[in-house]
Each structure stands twice: as C-alpha cells, then as structure tokens.
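Q: Keeping the supplied structure of chain H fixed, place chains L and C upon it in accordance with the hints.
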Amino acid sequence: MSSPAPAASLDRLVSQVISPGLCVACGACLGLCPHLLFLDGQVAAPDPCGLEQGRCAQLCPVANRPPATEPAEGPLGRVKTAYAARAKAADLEGKAQYGGVVSTLAALALSEGLVGEAVLTAQGPRGVPQGVRATSREDILEAAGSIYAGAGTLGLLNQALSEKADHPLALVGLPCQILAASRMKGHEKYPDAERIGLSIGLFCTMNLPGRGLRALLKENGISGPVERSDFPPPPAGIFQVWSGGEYYELPLEQVRELRYPGCAGCPDLTAEGADISVGACEGREGWNTVLVRSGPGEALINLAANLELIELEPAAAESLEHLGSAATAKRTRAAEEQNSA
Amino acid sequence: MPDVSALTPGAKVLLQGNEAIARGALEGGVSLAAAYPGNPSSEILQTLAESAEGAGIYAEWSTNEKVALESAAAASFAGLRAMASMKQNGVNVALDFICNLTISGSQGGIVLVTCDDPSGVSSTNEQDARFVARTAVLPLLEPATPAECLAMMRLAFDLSEQIGNLVVLRSLSRLSHTRAGVVPGPLPPAGPKPYWDPKQAWFTIPVVPRHQAMLDKLAKAGEILGAAGLNRYDGPEEPELLVIASGSARLYADEARRMLGAGERVGILHLAWTWPLDKELVLKHLAATDKVLIAEELDPFVDTAVKSLYAANAAELGIKHFFGQDSGHTPCIGELSPGKLATALAGILGLPWQEVDPDYAQRLETALTLAAPREVGFCPGCPHRASYWSMKQVLAADGREGIVSGDIGCYTLGVLSTGFKRVNAVHCMGSGLGVASGLGKLRDRGFDQPVISVVGDSTFFHAALPGLVNARWNNSDYVLVVLDNSATAMTGFQPHPGTGQTAMGQPGTPVDVEQVCRGLGLPHAVVDPYDLAATQEALYDALQQGGGVRVLIFRRLCALVQGKQGGHPHSISVDPEICRGEDCGCNRYCTRVFRCPGLVFDEDSGRARVDEVVCVGCGVCAQVCPAGAIKLSPKEAAA
Amino acid sequence: MKALGHDPLDIVITGVGGQGNVLASQVLGRALLTAGYEVTVGETYGLSQRGGPVMSQVRLSSGPVLGPLMPEHRATAIVSLEPLEALRVLGTYGHPDVIVITNDRPLRPLAVLAGEQAYPGDQELKSTLASLCARLWALPATEAALELGNHILANVVLLGALCALELMPIGANEVEEALASMFPEKLMGPNRAALARGAELLKEG
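Chains as they are written, first to last, in the numbering used here: chain H, 1 to 341; chain L, 1001 to 1639; chain C, 2001 to 2205.
Some clues are possibly wrong.
Taking lysine-lysine pairs in the DSS-like style, the calculated list, with each CA pair at most 27 Å apart, reads [unchecked claim]:
| # | chain 1 | residue 1 | chain 2 | residue 2 |
| --- | --- | --- | --- | --- |
| 1 | H | Lys164 | L | Lys1631 |
| 2 | L | Lys1279 | L | Lys1307 |
| 3 | L | Lys1421 | L | Lys1392 |
| 4 | L | Lys1564 | C | Lys2186 |
| 5 | L | Lys1320 | L | Lys1284 |
| 6 | L | Lys1307 | L | Lys1284 |
| 7 | H | Lys80 | H | Lys185 |
| 8 | H | Lys164 | H | Lys185 |
| 9 | L | Lys1012 | C | Lys2203 |
| 10 | L | Lys1279 | L | Lys1320 |
| 11 | H | Lys218 | L | Lys1564 |
| 12 | L | Lys1631 | L | Lys1564 |
| 13 | L | Lys1320 | L | Lys1307 |
| 14 | C | Lys2203 | C | Lys2002 |
| 15 | L | Lys1635 | C | Lys2186 |
Honestly, the hints are just simulated from the structure, not real lab data.
Pulled out of the complex, with its shape left as it was, chain H reads as follows (with noise of 0.2 Å):
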C-alpha cells in the first residue's frame, strides 16, 4: 500500500528515496540549492524546502525509473558503431581501467576545446570518492581509473552550470548519471543544461556506497586509501584492490552484498543516452569495448584515432552479443524489481 505522495519536491525525494535507503548518490539533485548536502558518500535533507516545483526529485533517476522495457534499437541501444580500443598514451600506464580510452577521450575533447571543462570522479577525502572538475589533461589524469563508489557528481555538474560562462561541458559519468544529465538538458526550467555537450558513459553493473565499502575493506584490513579497485570478468568471483602498495583480494559475494539497493531498478548498463559509451572488453586485457551513439560522439572517437592516441579495431561480433545478453539480463532484472516495489 502506498501513501499519497507528498506535495513538495525534496519531500518526495526524501519519502521515496533517501529515508528508504534507495538513493545511488549519482549527485543529479545536489548544488541546485542548500537543502540536499553530500558528505561521505552521502545525500542528505536536514530541512524542508517546501516547494513543490523543485527540480530534485524531476531529475533523480530513482525517483523516476526509465522504462525497462527493450530499445527499438536493440539490447544496447542506439550504436552507430562499436570497437575495441585502447589508449597509446604512455602516461596513462597502470592508472586507466582497462583502455585508457575515457581519460584519452576526455582531455582530448579539452585539448581541442571542443569543452571548456569535464566532470568526472575521482579519489576524495576518507577513501570516498568525489567529483572533480578538470580543465586541463593533468586534471584529467588525477581522476584517471574506477572507482566503484558513489561520489555525487553530478552536484560538481551543477555547481559548473550555474556559473557564469558560455563553453560547453563533458560529463564522464554511470548511467544513471548520463540519464539524470539529459533530463537536466530536457527541463524548461534548467536552460543553464544546454550547456552540457559531451556525455562519455561507463557500462555499469554495480555501484557501491562508498562508507559501507570502507567498513568492509577495514575489516578486510584495508584501511589506507585505495588506487585502485577492479571487477575482473567472470568467472574469477573475486574484487581486487590496490592499496599502500599491496593488492588484496575480496570474494565478490561479500562485495555484491554491499551494493545500493537503488540500483536493482536500474534498467541500463551500457549508458544508452550518452555520446560514447565505454566498458571492459571480454577477453582482452587492456582493451576497451566503446559504443559510439551520436554524431559529435563519432567525431570525437576518429579525432582521437586520427591523432593516433588510441588504436580502434572493430568490435568482434561475439562481444557484442554477450554485452548484449547482460544488458538483457540487467534490464530483466531491473523489470522484476520496478513490478515488485
């Protein structure tokens, strides 16, 4: 049984995501006002805004679920082309997940100022991470290699649109963070979200809160901050993390249990409204799997192969079919839970 909803925006979000615990911390309603603050990994409402026509629960993909259903286009979506690819870059080595190819993409789409400035996440206070906003390839670099945590950032989204300037802006982000833009770039009454003109995506099948993380990696005598972390594909069942120097093993059970309840509705693992999407590649190691969807997405991938910082190869046909079946299987899931809750 369900309550009526409540009037007032952030009420909404409190009743419907926060209090129940369901909120991914992707950051879509943070720096649109002081009501929601993000420390530690999380979004919190100490106050009543009061407002009905807020743009915080309007933008929240929890609070709004896309449809789970199958895109005309296919499991993956919309894809004008699909490769494997990998950075050539020297100064990426041991810091870039897999490829390489987010970080090369992001600060040559800066480079080239086709943007004035990305946001991305990075390593932040507490072993927790954060979002940054880079401006230049070194920025870019600091935020380089995954982190499997939520960090907010799209509040530092936020917070870059509301100041005064004209350039446009990239966003590396989860899927749940490339829907939460495009809706920002959608809403009447966030002309400032015009500005957003790169989305680079990243496949996702899991996020984690960054606090419950910690606990766990402490009890797992980790207690320094982490480089970096690592889901290998299946089967090795494990969670790797680099640390002080030292790499340490997690079962992937222990890890999986950890993760937000928020994101079992998520229908979307390989970012469908974004530019370019990137992923892990099956079975290559170093390798990127990169789905281009749109036109300035295909112009920036040649740009960059042009340029030779990456190398491209078509993506083998095998790939594809089994990234298909797992983005199937989260959107079955994702079908599963929105019919339940």
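A: What follows is chains L and C alone, placed relative to chain H:
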C-alpha cells in the same frame, strides 16, 4: 551593579531586591560572600563584588554552589560572617553539604540565600527550595519587599551566630528583580581577624546526639524570631476569613483585600519567617476565625505545617475550613498575583468580583489571535546558532539518527527552533555529560546512534567534570562539544575559571579546557564555529572515529561580549540581483531555515535583506546563502 | 508632591528583550522616588532577554507599599517599545480605560521572519489597539531615535511622551535628573533631545 557600600545611611534609595540583600549582608557584617551565577540570584554577588573593595570584604564566584557554601562555611569556622547565594537549582547542588553542615554547626554567622523562580522565568524548573529548611532543620526567612530583604539579611547573621547554625533566606524572582525605596543603615566596623582554634573541630559524629542538638537550635531560633516580632497580624480581631500569607503573597493578599473593600471581614497574618512555624501566633489567630486561606507561592509549605498544627489542636480549636491549594482557590504552579487572590477571596466570601468586563474580554480574545508568539532565540551573531547549524547538518549527513545531550546555559535554547530543535535532552548543570556517558555505554547492547554532548565553558567547570572523568574511566563512546564562548552569558557575563578573572576583577589563573582534556588523556581539537565548513568536517570526523570520548572545543566569543569590545569588522548586505528569494534553489533559506533575526524577508521585493538595527556583522549567513548573495564589506569607520 | 489622579498609578513598560525596557523602568522609578512617591518597579528578565517579550511594571501610590505585580486588567497606562507587545500586554492588563503609548516600529518575531506566522498589517494593528484602550498614541519613536543618532534612544523618547501626559505626577525635568544621575554628562545631550522629542510627538499625535 552599584557599589552599595557607598550608600548614605538614612537616605532612601531605589534598590533592587538583590541589591538590598547585598546591602543587608554588608550591614550584617559579612566578610566573605561566594556564589555561582544563576538567575534570579546573580545580582547579589555581582553587587557584593562591585562593593567588595569599598566594604573591605572578599567576594568570589565559585565553580559551583556547593563549593560556594563550603567556602562560606570555612569563613564561619574561622569566626567570620559569611554567605552563599544561589538559585533554587543551586540548593540541590549544595544540599549534601548543607545536610552535614547543619549537624556540625557553625561559628560566625552564615546565611544561605536562595532565589526561587516561580513560572521558571529563567530556569529549567520552578522548584520550591524551602524544602531545605525542613530537610536540614534550618530557620527560614521570607522577605516580601526590598526593604525587608535588607533588614532580614542583617537579622539573619545575628540569628545564625546565636543558634550556631546556617540560616536560610528565600527570595523569589519577582522580589529579587523588584526595585523599591530602601533606607540603608550603618555599616559595621570590619570583622575580627579570622582564627580557627586548632582544638575546635567541626564534624557530625556522633550523629544521634548531634541530631538532637540540631533540633534544639531550630527551637531556639523560633524563640528568638518570635521575640523579634517580625510576624504580624493586620485585620479585625475576629475576622470572617484569616489569610495566612508569606513572601510576595502577603502584598498580593493585602491588595486583593483592598480591591474588594473587604477590610472588615478579612484579616491577614503576615509570616516573615516560615520555619519553624510560629506556632503560638498561628494558634492564636486560628482560634479567632472559622475560615482560613493559606497564600504562598509554589509548594504547600506553610499550608501543611499549619494544617498539621491544627490537627494536633483540633480538639480545642473546633472545626475550621481551610482554603488554598487543596481547595483549588490558589495555584501550586506558576506565580501568584493580586488578581488570583482577589478571585479566591471573592469566591470564599461570596463577594461580587469581575476581573475584566466580559465584552472587553471577548474583544481581547479576538484581538490576541493577531499576536504571533515571540519565541526566545539566540542573539544575532551568537556562535551557538552557527554551532547548532553545523550539528544539524552533520548529524543529517551522518545519517545514523544521532542524539544530542544538552546542558544548562544559553545553548539550552538548542531545544527551540533557534537551535533547530537539535537538542534531545536537557536537565540540570552537567547532566548532559552523564546522560551521554550512559548512552555511549549502550554500544554492547546494540545502540548504534552517534552521541554528542554539548556543554558551555562555565558549565564545564561547574558540574561536567565528574561526568567526563566517568566517561573516560569507563570508556564511553561519544563526542563532547564544548561551546566555549568565554562567558557565563546567560546570567550576565560573570567570569569563570576559563576566563582567568575573578569576581573582584583581579587576574586569576585561567583553567583551560584543553589542559583538562590533556590531563585526562582525551583527544581534542579547537574549531571556530563561525567557520561552518571546517566545523562540519571536524565534527563529522569525530563522529566517525568511535571508541572513547573525543572532545571538540567550539571557540568563539559571545556575540554580546564581542559587541562590547567593538563588534565585528564587517557590515552585511544582500545583493537583491543575486538573491533567489522564493525560487527553487533557495526558497528563503536564510530567513526560513537559518533564522537569524538580523535577516528579514522583504515580502514586497521578494528578496531577503539585512536589518541593520539588528545585524551585528558576524557573516555566518554569507556561508549559508546558496547564491552568494550575502556580501561582507568592511564596516565604515564611525563618523 | 502632586496628588495622584490614579491611586495606585500602574504603568506597564513593555517591549522585546534588548530594547532598553528595564532601563526605562529604572529611570522612571528613580525619578518618582526622588519626587517623594512610594514606588515599586517590577522587572522581568532572564531568559526573555534573548529576544522574548519583556515587561516591567512601575507602580506608585501615596499609601501602602505595593507588590511587584499589578492586578490583572487594572493598568493605568501601557508604554510599549514594540506595537505587537502592546497588544500582548493588553491581553493581561488591558481594560477599556487604559492609555497606550507605543512605538510604531514592528520587530518581527522569529516565527514571522521564518514565514510561519503572520505579523498584522500596520493599520490593522493600530485600529485593534485603538479599539482596546481609551486613547492610543502610536509614535515613530525608533525613527525619532535614529534621527538623534541611535535607535536605542527610543525608550527615552517614549518616556518623554509618557511624562507629557496629564495623569503623570512628574514631568520631563524629573526624568532628566534621574537620567543625569545614571549617565555621564556627554550622553545627556541626546537623552534630553529624546525626552523633548517624545513630548512633542505626544502633543502632535
């Protein structure tokens, strides 16, 4: 406060009740006066401290009321006259010592002044402290006017010396803060050189015979007070109704009788001392009437004594009708007033009495719906507002439903909206740390909410230390936030151990909170609560640490003291072009949520603005504004 | 010593903590005592000084010493540093024959600033006050005080107005003497001007 040692004997002056008590103490030959600040008693020692040099006495703010009375007792043992003054709560703090001092007895005259606070005008309760007279078997004086305050203080010292025991004088907030004409008497010559004969010992054993001696002292006090003729009767010889009144109720009864024109029918027995009960006088007047109304504020203290006396003598006295609290004619809560007693008298005597014209009352009722309540709040610029703001934000971000254990001081207002209702418990001085200590030990039983204990700097030294040591010893898990505004602000900026100044304005040795923490081996850090971001980071990290007590000292001078020292260097303004007003992205955040009285929402322009008459320029709101519309600029030098 | 038209003569001085209410009652009490009256000044302070309503009572009589609280609904005059507080005091001490002198400048309670409660409109409040008393003077005391250089002088402006009333047994001179016994001479200029301005405002209004 005035220097009451400089008053001219015989020349009538307007003195506050508390000032009159101070002057009475000087006239009674006091040599040492000690107190802990607490309204409504604070001005007594403030006045004595101001007058100390002129009168050649020693006045001290002590760390708490028990210590104050112990200091006074030391002077008494050494042959000097001494006193301790406190509010009703303080009597509880001092009670253990009182109940032993009364057995050991005293030498130099020693007086305990308690100022009770009916209606809790500035207290957490409205306890009637007269119980101490019954419990500790001590004579109790209850003046009704500032002039009586003076006269009875003088008498109290003599009485104490005559019986060799402590004497209690009870004031009330109304009396303590009432000014009326008082004619001072002469000041005595300086007291003797203090001397404690080493053969003389003050203790309580053997208890039983000394208990008997204590009872004998009270009986003797009754004889002495009876002979002094302070209790008096005013009215017809055989009144239809006898009012037995004490304290301010004496004046209210008098006025009620006058308003009703009932002088022929009502007699008033004024009790200026209420313990021991003046049995002889009360019996005499009970015999002359059939109806008795007992008028006193708060507990039925005189009431039960009179009824008990009546019961023992009922065979001779015959049937009497008693009116008062039991009959519902007077309240046992809140203050009395002339109107309440007029209503009682009229009801008992069947007299016509209308407090207010019914039509007017009707119109008043309608009009009063316009009078929005005016809740008390932190002053503009008060560091406590910033401190509670950070606590609210951090506890929300922490998300584990943290509990804040409060304490006594201005920051008690954290229970109200000015402190974002972020305080979950407040009882008495120091109790916040004890409660936090207990909560922090419930971890083994699954209590997983974080705990913050807040305490002011003055309260920290008054009664918080044992709770803190307990928590350290038993390894309780909580964060202690010391709200250090370097003042005893609630009661009028008296110095305390941390300020390094004494009551008489001499430099003392400051006892700082960090030193105490260091001594106890507690991790501690100092933050400026005006710096919201740094405060919130420090508090959040302290909450996450867990295990043992962690201390954060929020240090920032009281805004009122800052104002006296020249104020803040900024003036604040709101840029109406940037202010978002009621739009999404703000919705009056500064006035609706932050609630500093220095900010006003201008309904006409739909923008916030600064009320320059109220704002003191602390600049905290500029950190709260989401749009950066609140600007700080250097204050223009005064013309 | 002038005979009292009202005996007892009961004056309430009210306002918001921090407006100088206690000081005004002390000055008046001192002036009346010097003039030879039996005066009792009851002050409320403590917690309410933190922005809450405060009230002092100045009571004088030719006869017996009066208690610190006047009887309910029997005030002779109410002087208020804030208009809504005048209304609040009328609730306890008002009656159809009472006289009210109030500052006209609102000081909004926190709940009003926060948008949770309403503060009555200027005209509504004035007409309500006027309907509950024999005579209302709503005077721009803060404005006058600001013209004299400091908003805190509003209390002295209102004392000046009060002492210009027929029913008062003392005038501005006695109040001025009481002020002079409490303040250094250098502060007396603005105080004298404030007293005079208050009397003018009363006569104009």
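Q: Checked against the structure, which of the hints given earlier come out wrong?
A: Per hint list: 9, 11 violated.
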